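Let the hints inform the model, and build the full structure from the sequences given.
The residues making up each chain are set out below.
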Amino acid sequence: VYQNVVAVQQMARRSICSSARRQVENKVPQKQKVFQEDNGMPVHLKGGSSDALLYRATMALTVLGVGFTLYELVKASFPQKKD
Amino acid sequence: MAHQAHAMLYSVDPSPSPLTGAVAALLMTSGLAISMHFHTTTLMSLGLVLLLLTMYQSSRDIIREGTFQGHHTPPVQKGLRYGMILFITSEVFFFLGFFSAFYHSSLAPTPELGGCSPPTGITTLNPFEVPLLNTAVLLASGVTVTSAHHSIMEGQRKQAIQSLTLTILLGFYFTALQAMEYYEAPFTIADGVYGSTFFVATGFHGLHVIIGSTFFAICLLRQAQYHFTSDHHFGFEAAASYSHSCLMSYDSSFTSLFTDEAS
Numbered sequence: 001v002y003q004n005v006v007a008v009q010q011m012a013r014r015s016i017c018s019s020a021r022r023q024v025e026n027k028v029p030q031k032q033k034v035f036q037e038d039n040g041m042p043v044h045l046k047g048g049s050s051d052a053l054l055y056r057a058t059m060a061l062t063v064l065g066v067g068f069t070l071y072e073l074v075k076a077s078f079p080q081k082k083d
Numbered sequence: 001m002a003h004q005a006h007a008m009l010y011s012v013d014p015s016p017s018p019l020t021g022a023v024a025a026l027l028m029t030s031g032l033a034i035s036m037h038f039h040t041t042t043l044m045s046l047g048l049v050l051l052l053l054t055m056y057q058s059s060r061d062i063i064r065e066g067t068f069q070g071h072h073t074p075p076v077q078k079g080l081r082y083g084m085i086l087f088i089t090s091e092v093f094f095f096l097g098f099f100s101a102f103y104h105s106s107l108a109p110t111p112e113l114g115g116c117s118p119p120t121g122i123t124t125l126n127p128f129e130v131p132l133l134n135t136a137v138l139l140a141s142g143v144t145v146t147s148a149h150h151s152i153m154e155g156q157r158k159q160a161i162q163s164l165t166l167t168i169l170l171g172f173y174f175t176a177l178q179a180m181e182y183y184e185a186p187f188t189i190a191d192g193v194y195g196s197t198f199f200v201a202t203g204f205h206g207l208h209v210i211i212g213s214t215f216f217a218i219c220l221l222r223q224a225q226y227h228f229t230s231d232h233h234f235g236f237e238a239a240a241s242y243s244h245s246c247l248m249s250y251d252s253s254f255t256s257l258f259t260d261e262a263s
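Chains V and B supply the protein sequences, listed in that same order.
Numbered per the numbering used here, the first sequence spans residues 1 to 83.
Numbered per the numbering used here, the second sequence spans residues 1 to 263.
Source of the hints: derived by calculation from the structure; they are not laboratory data.
No false leads were slipped in.
Not close to chain V: a few residues of chain B, all C-beta gaps over 10 Å, as computed: (1) Q77; (2) I85; (3) S147; (4) S151; (5) F254.
Taking beta-carbon pairs under 7 Å as the criterion, some of the chain B residues facing chain V (in silico): (6) D13; (7) S15; (8) L27; (9) S30; (10) E65; (11) A224.
Listed below are the simulated SDA-like cross-link pairs for lysine to any residue, each with C-alpha atoms no more than 20 Å apart in a straight line: (12) K33(V) to V12(B); (13) K75(V) to H37(B); (14) K27(V) to G66(B); (15) K27(V) to G47(V); (16) K81(V) to F38(B); (17) K78(B) to I63(B).
In this text, all values refer to a predicted model and were calculated from it rather than measured experimentally.
Glycine included, C-beta positions come from ideal geometry on N, C-alpha and C.
This is the structure in structure tokens:
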């Protein structure tokens with residue numbers, strides 16, 4: 001049992017050490033290159049296709065939302081008489 | 001000369017965020033009204049989702065403009081600082097309104113309240129229990145945020161990350177304690193003017209602590225990704241100023257809202 005405990009302790013120490021060594025890389029210079037590229041794209045789309053996807057989803061919700069609001073407000077303005 | 005001054009400023013690219021943000025506000029407000037009459041939260045929830053999407057995309061774009069495109073020159077930063085100061089000032093006045101409401105009712109208590117403050121029938125919270133602990137927690141977070149700031153200015157990356165993390169944890173601890181106090185309180189928001197002023201003031205304050213913690217969490221992510229330099233880290237300074245003002249408002253609450261005898 002004692003040998004098992006020691007083995008688990010050694011494994012735990014190894015995995016903690018390796019995760020502590022995993023450094024976050026400085027990607028700012030790469031990002032600066034991407035966003036300073038002279039491609040005429042506005043900043044909200046300059047990051048690539050995921051920007052465009054998020055933009056389209058947000059705009060779809062915006063348009064749907066305005067429609068839904070108008071519908072609910074018109075519905076609320078003409079209350080149905082209960083029989 | 002004029003041309004030089006203008007080269008240091010910049011105009012933002014056209015963005016959909018003002019429109020989507022405005023529509024989010026429309027959906028949330030109409031949705032709130034609809035939810036009160038028809039017991040359906042769909043519209044309001046849709047507005048909230050749209051708000052979160054707008055907040056994410058607009059702050060992402062500002063980070064791109066500043067950190068990746070280099071547009072936040074010293075004159076631009078000055079403008080951003082003015083903007084943050086003006087916004088914080090407006091928040092201070094927002095809280096002053098709620099304090100006015102409290103003092104209006106507590107300094108000259110009406111016969112309906114029993115002619116005394118706190119009103120008859122209200123069992124107040126002991127200010128030297130959880131409220132005092134909460135004050136200490138927020139003050140401690142003021143210390144850790146100052147430590148984080150100095151670490152950033154000295155270029156000490158690891159220490160800055162540690163201090164920022166501790167600041168956020170203290171913010172969460174405050175929120176957890178406050179939630180517990182709310183659950184255990186012997187009076188509710190419906191208990192007369194005392195209950196109303198207490199829960200609206202402390203409630204808005206608690207929301208601002210959550211906003212501060214979120215702002216710091218974003219700063220932590222940015223610090224980890226090397227966005228901040230030792231002499232350019234305005235996003236962090238904005239978060240710190242906002243949280244310090246939040247802390248000041250809690251200290252004022254503590255000395256007024258939490259007293260257990262007539263003030």
